[in-house]
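Which chain is which? The protein sequence lines are P and E, in order. Residue numbering for the first sequence is 1 to 314, as defined by the numbering used here. Residue numbering for the second sequence is 1001 to 1533, as defined by the numbering used here.
One should not assume that every hint holds.
[Claimed, not checked] Here are some, though not all, of the chain E residues that point toward chain P, as calculated from beta-carbon distances under 7 Å:
{"id": "1", "residue": "N1207"}
{"id": "2", "residue": "N1236"}
{"id": "3", "residue": "S1238"}
{"id": "4", "residue": "T1239"}
{"id": "5", "residue": "L1242"}
{"id": "6", "residue": "G1243"}
{"id": "7", "residue": "L1406"}
[What the hints assert, rightly or not] Simulated restraints on C-beta separations:
{"id": "8", "chain 1": "P", "residue 1": "F290", "chain 2": "E", "residue 2": "A1311", "range": "52 to 58 Å"}
{"id": "9", "chain 1": "E", "residue 1": "R1352", "chain 2": "P", "residue 2": "K47", "range": "33 to 39 Å"}
{"id": "10", "chain 1": "E", "residue 1": "E1129", "chain 2": "P", "residue 2": "P31", "range": "27 to 33 Å"}
{"id": "11", "chain 1": "E", "residue 1": "V1273", "chain 2": "P", "residue 2": "G161", "range": "17 to 23 Å"}
{"id": "12", "chain 1": "E", "residue 1": "G1108", "chain 2": "P", "residue 2": "F290", "range": "43 to 49 Å"}
Worth flagging that the hints you see were computed from the coordinates, not collected in a lab. Glycine is no exception: its CB is placed at the ideal position from the N, C-alpha and C atoms.
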Amino acid sequence: MGSYLVRRFLLMALTLFGMSVLIFVMLRLVPGNIADILVDASGADPKEKAKIARELGIDRPIAEQYISWISGLSRGDLGYAYVSERPALEEIAPRIPISAKLAGMAIFFSILFGVPFGVISAVRQNTGLDYFLRVLSLSGLSLPSFWLGLLVLMAAVHWFGTIPIYDSNPHGFLQDVAMLGLPALVVGFRSSALIMRLTRSSMLEVLRQDYVRTARSKGATNNSVNYNHALRNALLPVVTVIGIEAAFLVGGLIVTETVFNIPGVARFLVEAILWRDYPIVQNLVMLIAFVVVMVNFLVDMAYMALDPRIKFAD
Amino acid sequence: MRLREAILAASSAALVWAAVPAFAQKAGGTLRISHRDNPPSASIHEESTISVNQPFMAVFNNLVFFDPREKVNSPDHIVPELAESWTYNADNTQLTFKLRQGVKWHDGKPFTSADVKCTWDSLAGHAPEDKAIIRKNPRKLWYSNLKEVKTNGDFEVTFVLGRPQPSFLTMLAGGYSPVYACHVPDRAMRSKPIGTGPFKVVDFKRNESIKLVKNPDYWKKDRPYLDAIDWKIVPNRSTRMLGFQSGEFDMTFDSDVTFPLLKDVKANKADAVCEARPTNVSSNLLVNRDREPFNNADIRKAMVLALDNKAFHDILSQGNDLEGAVMLPPPAGFWGMPKEQLPKLLGHSPDRKKTLAEAQELMKKAGYGPDKMLKIKVATRNIAIYRDPAVILIDQLKQIYIDGELEPIDTTVWYTKIQRGDYQVGMNLTGVGIDDPDVNFYENYYSTSDRNYTHYKNPEVDKLIDQQSAEQDREKRKQLVWKIEQILADDGARPIIGYNVANTCWDPKVKGILLQVNSIYNGWRFEDAWLDK
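Modelling step: build the complete structure from the supplied sequences, incorporating the hints.
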């Protein structure tokens, strides 16, 4: 186990290094930089452009820029944001908890609804409830979260005369949850639909296994069979999907943060890409990459907890 | 004569200010406004977008200002602000301002003539690099006639011009001409600017909000009425509209409500006060005259003749957009040619059948026809307000055997591409900071301007532009302006398809808002705004 972990961490470090090179090079391959954007829209004085490029260091050789960034990153210095001219850390840090809360709640909702509904759908296969839940999950997969978000906002205006506009200083925990709850439900709807469908199919497969029949013949109750024997084994592929969904969630967050006007990292990332704000984009992508790598690691660890037969060899 | 006019204007404006009853207004409250996007910075002098002007104009003062009680920005509606009065010398090449005393910057430092000098030294490019208070200067062209700024003590300043230029005072009156503080570094002006205006910046959080609070030491003792202005940055227009309808915002962003959206707003918030006004933003056609086959004047002419401006207006704004030439048409526009002269211009004839037939003939003459379509790419910025007219353009060009393909260009490279001439045909929108011929002509049509995107060069037009710029007689100047408009239209320099008209809405409790009808970039001081609640 020990050497597995060492190998695993080395692989993670290698992945992050590769990611850093990739994002750094790709950003510079995209046409236009911040100096072009700032100056071209307002008259394109080449002297002004050169001055800004010099000040920001984007006129230096690309390798030098990369070394400067990566050595700063290793010291915890993320550089300065080009647009706001403030330390990138100060720009990114306050936005992380907002998106983390939103993502956490979205995952929580998707598991909360996805897994139980998946189980119910499986154990009540081909009943009215099963059909209803299947239609619900299909709509979750096919409704774009942008459209769904707007629909929810319009409904809020129509029925309650208000919409949950984000406030950076919420009055207490409840307002915080209320402000993020609705967007989290919207962004989590798709994931919950996917989790539900997967749980259902996985459960159906497991419920047909011999050991389930054996458990029933031994007189185990339905609940015991469904939840103690079947669900635990059916969860393995679901956990994998939850891990993948956590990575895909960033895409959903961009849309949801835009529609619900939440100043999180996802919307900020899009804005930074449009402005070619390299320090913000590079560091945020690295942060997302780190989170994805860590989630995958935790998912692998979760396999072991769920199925004692799985062992990571030394 | 000009001295007397200036003094009369200044005193009558002062009288108007004094005579307006102040008892009806209520002080206090926070005005909540939605903002459409993330302002690139807070430094008005460094930017060219309403996204910066509208929220940050309230932080500053100008030397002179377009009277906020007048709908039309015109040379006749200029009132003093940080300058108490102004005079010209005998040959109209020196403009001297007496400055207001006792004015303080938001950090408590006194405002003096040195601030005026360093602001315009930087804008005219006369300041050494280490003393410049701006990093970039989109309106350098405005001040190319400014030779020197001289101070005479702490409260008098003289602008020395290379030649008489009546528009110079007008340019100083626009929202793009605030006085900056010499002692504040440019970086601070971009993030948390210091001004002398009615509101101070508390916080500018990117992607989130801009918070302004009342300046208790404002030199105008009974202003502003509001305690604060809270701008919330909401990039999604649907969310902004829903926020306004649900009462989260007291006011929409300027011109944010299109005519189709207006119906929704009114349906959900029947008491909303909504006002339509021309934005002085024109949609125009860019044809790269340096590239084949568009170096053929016949093809360029055919393209202009094929434009059905009315169809554009009907589709894009339910017929509310305005037909006009290079200057915004009257009555909103102060300088534009009278409506009855417009049909004489190329591309403005009401006889569509005839012009279309003429355009088809010209294309046939150039070797194109139904069996041999001219394949082109129509470049435009990849945002809806650009793409929508571009799609209509492509459809209309088909009638003259031009098969256009839409080429949406990312905003970040759009200006670079068109400045380099890296396009065939483009659909563009042009906003004019001030409804003034100098601002518009020098920026967009003068042969040496960087923003002359079609690279149109006509020495006769350059000469006429210089001539009108120096002309003191208003009526003679208008004739020259209309002559230039005629030539530019006939040459297809940058054919104007129309002038955008859009709505701004606010809650009925918001009072003291007056939208000026010939520029969206002016009139956002908010010092007269108040809340009736």
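Hints versus structure:
no.: 1; hint: N1207; in the structure: holds, 5 Å
no.: 2; hint: N1236; in the structure: holds, 5 Å
no.: 3; hint: S1238; in the structure: holds, 5 Å
no.: 4; hint: T1239; in the structure: holds, 5 Å
no.: 5; hint: L1242; in the structure: holds, 5 Å
no.: 6; hint: G1243; in the structure: holds, 6 Å
no.: 7; hint: L1406; in the structure: violated, 18 Å
no.: 8; hint: P:F290 / E:A1311: 52 to 58 Å; in the structure: holds, 53 Å
no.: 9; hint: E:R1352 / P:K47: 33 to 39 Å; in the structure: violated, 48 Å
no.: 10; hint: E:E1129 / P:P31: 27 to 33 Å; in the structure: holds, 28 Å
no.: 11; hint: E:V1273 / P:G161: 17 to 23 Å; in the structure: holds, 19 Å
no.: 12; hint: E:G1108 / P:F290: 43 to 49 Å; in the structure: holds, 46 Å
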